[in-house]
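There are 2 protein chains.
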Amino acid sequence: MNEFPDTVVRRTASGPVAPSRGALRPLGLDEVRITGGSWGALQELGADAVIDHCLGWMDRIGWIRNFDRIAGTASGDHEGIEFVDSEVYKLLEAMAWELGRRPAAPLAERYAGLVDRVAAAQDSDGYLHTSFGHPGQRPRYSDLEWGHELYCHGHLLQAAVARLRTGYDDELPAVARRLAEHLWTEFGPEGRDAICGHPEIEVALAEFGRATADRRWIELARLFVERRGRRTLGTTLFQGSDYFLDDMPVREASVLRGHAVRAMYLAAGALDVADETGDDRLADAVEAQYRRTIERRSYLTGGVGSHHQNEEFGDDYELPADRAYAETCAAIGSLMVAWRLLLRTADEGYADQIERTLLNAVLVSPRHDGRAFYYANTLHQRTCTHPNADDELSERAEASMRAPWFEVSCCPTNVARTLASLAGYVATTDGAGVHLHQLVECELRAELDAGILAVRVETAYPRDGVVRITVLEAPDVEVGIGVRVPGWATGATLDAGGGAAPASPGLAVTRRIFAPGDELVLTLPLEPRLTAPHPRVDAVRGQLAVERGPLVLALEDVDLPVGVDVEHVELDADAPLVATDDGAQATLRIRVDSDLATAPDGPVPARLRPYADWANRGPSTMRVWIPTAR
Amino acid sequence: MNEFPDTVVRRTASGPVAPSRGALRPLGLDEVRITGGSWGALQELGADAVIDHCLGWMDRIGWIRNFDRIAGTASGDHEGIEFVDSEVYKLLEAMAWELGRRPAAPLAERYAGLVDRVAAAQDSDGYLHTSFGHPGQRPRYSDLEWGHELYCHGHLLQAAVARLRTGYDDELPAVARRLAEHLWTEFGPEGRDAICGHPEIEVALAEFGRATADRRWIELARLFVERRGRRTLGTTLFQGSDYFLDDMPVREASVLRGHAVRAMYLAAGALDVADETGDDRLADAVEAQYRRTIERRSYLTGGVGSHHQNEEFGDDYELPADRAYAETCAAIGSLMVAWRLLLRTADEGYADQIERTLLNAVLVSPRHDGRAFYYANTLHQRTCTHPNADDELSERAEASMRAPWFEVSCCPTNVARTLASLAGYVATTDGAGVHLHQLVECELRAELDAGILAVRVETAYPRDGVVRITVLEAPDVEVGIGVRVPGWATGATLDAGGGAAPASPGLAVTRRIFAPGDELVLTLPLEPRLTAPHPRVDAVRGQLAVERGPLVLALEDVDLPVGVDVEHVELDADAPLVATDDGAQATLRIRVDSDLATAPDGPVPARLRPYADWANRGPSTMRVWIPTAR
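If you read the sequences in order, they're chains V and D.
Residues in the first sequence are numbered consecutively from 158, following the working numbering.
Residues in the second sequence are numbered consecutively from 158, following the working numbering.
These are calculated hints, taken from the structure and not from any lab test.
Among these hints, one or two may not hold up.
[As the list claims (entries may be wrong)] Which chain D residues face chain V? A few, computed with CB under 8 Å, are given here: (1) 342; (2) 465; (3) 693.
Where is the CB? At the ideal position from N, CA and C, for every residue including glycine.
Okay, chain V solo, but in the shape it has when bound (with noise of 0.2 Å):
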């Protein structure tokens, strides 16, 4: 067993995920406050529509009446599949953040008339879940393999942590303080040595012990990370132990396999624990499993998780678009994970990771409106389907049009999370001076060891490459700050007040003494741009995809002829990209076969947009990568 190291005291961050130690410390969102932009527009996507989205469906389709049945003030049978709870816990948790940056009273009744609910519903030892250990019910952890009973009380732990670290201490955290002694009573040092089919435990124990500075938590986490990998729970057919990546220790193994989401989970729980334990051989572990996935297993999108079949990784390189399912909470996994990363390593590689992970393989799940949700991210839609009606239940949105909800609904409620906390995932100090890893609309206000150094950050971008930096407070010494220039950005300039200068990939760092209003302004080429998948991914060889910034492009077939769909086009190379307002123009040729008669006979010129915004116009057919002509 490792011995507890002793903690360095710093500042305990607000927002979600604060380590004791690491080369960055996370500005909260006391710190970060976005002002506008494109992430302010998704912040009020948030907040308008899918927090409310997600209240109503799971008002109305009787999961929040779940905690009423086992408190006893409603009847019938439980609703829905084992593990709801854990979504109405993530939607606790986006309320909460979304309470922390902008109080609002008929939120905050909302809020807490539905904690009074699952309040009620507690055992009185703490035991907290409405489709286990009740009369007619099965026995509690009779089913660690599928129950899902912990990792819902790891979600209710991560809602009351977001609680705390937005500075209420009140009946939610209690909820959860109780729930863990439970958790601590049952498989702690003392208790059953087990592990839940589904991680998630681990993170939100680690986190919740940061959050109430009670070591025990982030030791039963850990006991839960060491625990895995010996084929403790069951196979059944179709999954295996490396579905469950119960086939070997965490630190043994060289890359994320298994079911997605399970796998990032545990990561990110690994490394919470690996940075509370001073464990870094596991750090290290985890952290170059996650690099060999990013850098084989994921797709261009930052998608991970190609098998339909167990939502699982495949093969190094096996990526197929048309079966892409890139799951939408794998691709959250992804940014919980990459952003531990960066914290602790300060590679603003990892940055550019949880740019392209969000900005295109997290965002394309919300519909516009944020009422509908894609679960399954296809690179590759063939034919059209019908889409679904608004107040129709969906099995899964493998289709081409979103959906607004799900049996397993798990995607919407962990967007709302998501978009609650973004100003979260924008900036660190690392006590000289601040980095901006994420080019957002913002003000932000951090203490640094000499002082308070604040500042405004106006942008247009992805749609425009300019950011501007102007400081708003500074001390009187000299300090940093930092700005990522994305990988993809050559030529890219910084203009410190001395002119442009060149600045290459990474965090780009002025250093002096600073005046209130100074600027720093970045300027970030967004021609558009080719770009050739790697030799080994079989799947989309003699293919192309079109990326401008950070966006991924994607051609519709509403942007194509009247009758000409995606599979009949051939990307001309030679031609010219053309910026757009949105994305670009590409030059196409189409091929006629016994599906299409006639068409055009010259190249077609096309619009490429956005991938995250396609099937916002009514069903189509979508492709990212494009055959080339031959």
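Keeping the supplied structure of chain V fixed, place chain D upon it in accordance with the hints.
Same frame as chain V, now just chain D:
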């Protein structure tokens, strides 16, 4: 309802399929005797190894004992999933064909003993199933979606058909008659309006009706076909109505979709019903569906059903090599459909498809010793895995080695019954002559309208391209001898005694008065050839395959320099392909990357061998489609 047309009285074939009408009458196992060559070896493998292997496994793991438990002669719980009865029935079918082909006392004894045990489990009203309807079990027909009761019943009827067609009307046909009476009561015109989640009962009842000359069974098959497509089967989170082919009436669909085995079995049954009821519209609809399926949803090997998820068809042209599911049973289902369409239409394209599918997609399944099998059949294996031990029960064999037995073990017994009835797929007659569809070493003796025509066929095909047909007996009037020239065989010649003359693909017919000793010699070009994928198949764009005659060839890493796997090769498409004794030699270049530090610099000659033979020399990586050098 259709009127029953007057049945054309014709000799009943002694093979697996015996339509009352159609362009061609199949020659049965009493008319075609395979005498050697590659098909002869397969027949021996089935007789000597596969049947014994299946019997041994099902005895050992209690699937046969399930019948004793129902009969009250054994105790304990039911072993295996709900539909393991069907494996015993498919094995009984294989044993019946084998006994018909070559009676042998030891096999006859094992067969009779097994039939006794099955018969003892039949309920007094004819129902027969070891998972439903008895004390402690779920009620009969309480789970039509997943219970597979009628599916199992269908395979019992098929086993009885094999027994009847090989000349015995004994215990198993009696059991089957009682079962059919039960089904008529339960599901007939006066019974419940329901269908089974897994088609099979349709094709089985149709053949049983033909074999017993009782039209009630054909009418019941018709009812099951017509009832399908009204969404009466309950769907699940993962399986929609299309999975069950229950999304639209059979006659209204334009392509096969959903679960591939279900789709093929249903199509075969619908064709049988159409032939027996004179419903040409139904037959034409199924033919169009199958043609479109083969054109757009089948692999080069003939394999169908590309999705692992649900074992389903994908979209048109969605044919990933690396995620090819291509279940062995689906390929066998495709043989069943193609054979029926060949009999109906006399279009030799269906015989081409049968050959392609059998020699590549089906025969890849059994290991060379007939004691391990592929269930899913990838066309691209990136990583080596450990072989299953010979006594290890597998979940699925998706890995690089075959497995001896599976929890769902439909494929080994399906291979067994196919190998045992191979002679039934070789030749037909239209009354005026014989058509040799498969180029197999055999003797055949057919009763034509004008009398007996008997020939001997000698060939080492597909290793050698010469097929020699010698007349043994002929009527003294003009008759025809037709032999299929495969679709790929440009440059074939036929020498009917007057010197070699060009023979184009299709049936090459020689019509004259033959005398014993007359010879026809077909010579097929067997040069290896490059095959390009359809331009709309994204997954293998920029790649080529090598074929030789009817065989798809594959590259295995065991034929590459040490340390090089199939991920690092490019095919030099300009270098000549050289024929070898079992395939071809091609010229490759090795592409070096971080996984492969050093490799031969220049061109590397490499042997490609038949796809069906891969992974018979230990674990290996493999690919059919090879990237072309750029």
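Chain V contact restraint on residue 693 of chain D - CB to CB distance below 8 Å: OK, holds: residue 693 of chain D within 8 Å of chain V, min 6 Å.
Restraint outcome when residue 342 of chain D is required to lie within 8 Å of chain V by C-beta distance: violated, 35 Å
Proposed interface contact between residue 465 of chain D and chain V, which counts if any beta carbon pair is under 8 Å: Result: holds, 4 Å to nearest chain V Cβ.
Consistency with the previously given hints fails for number 1 only.
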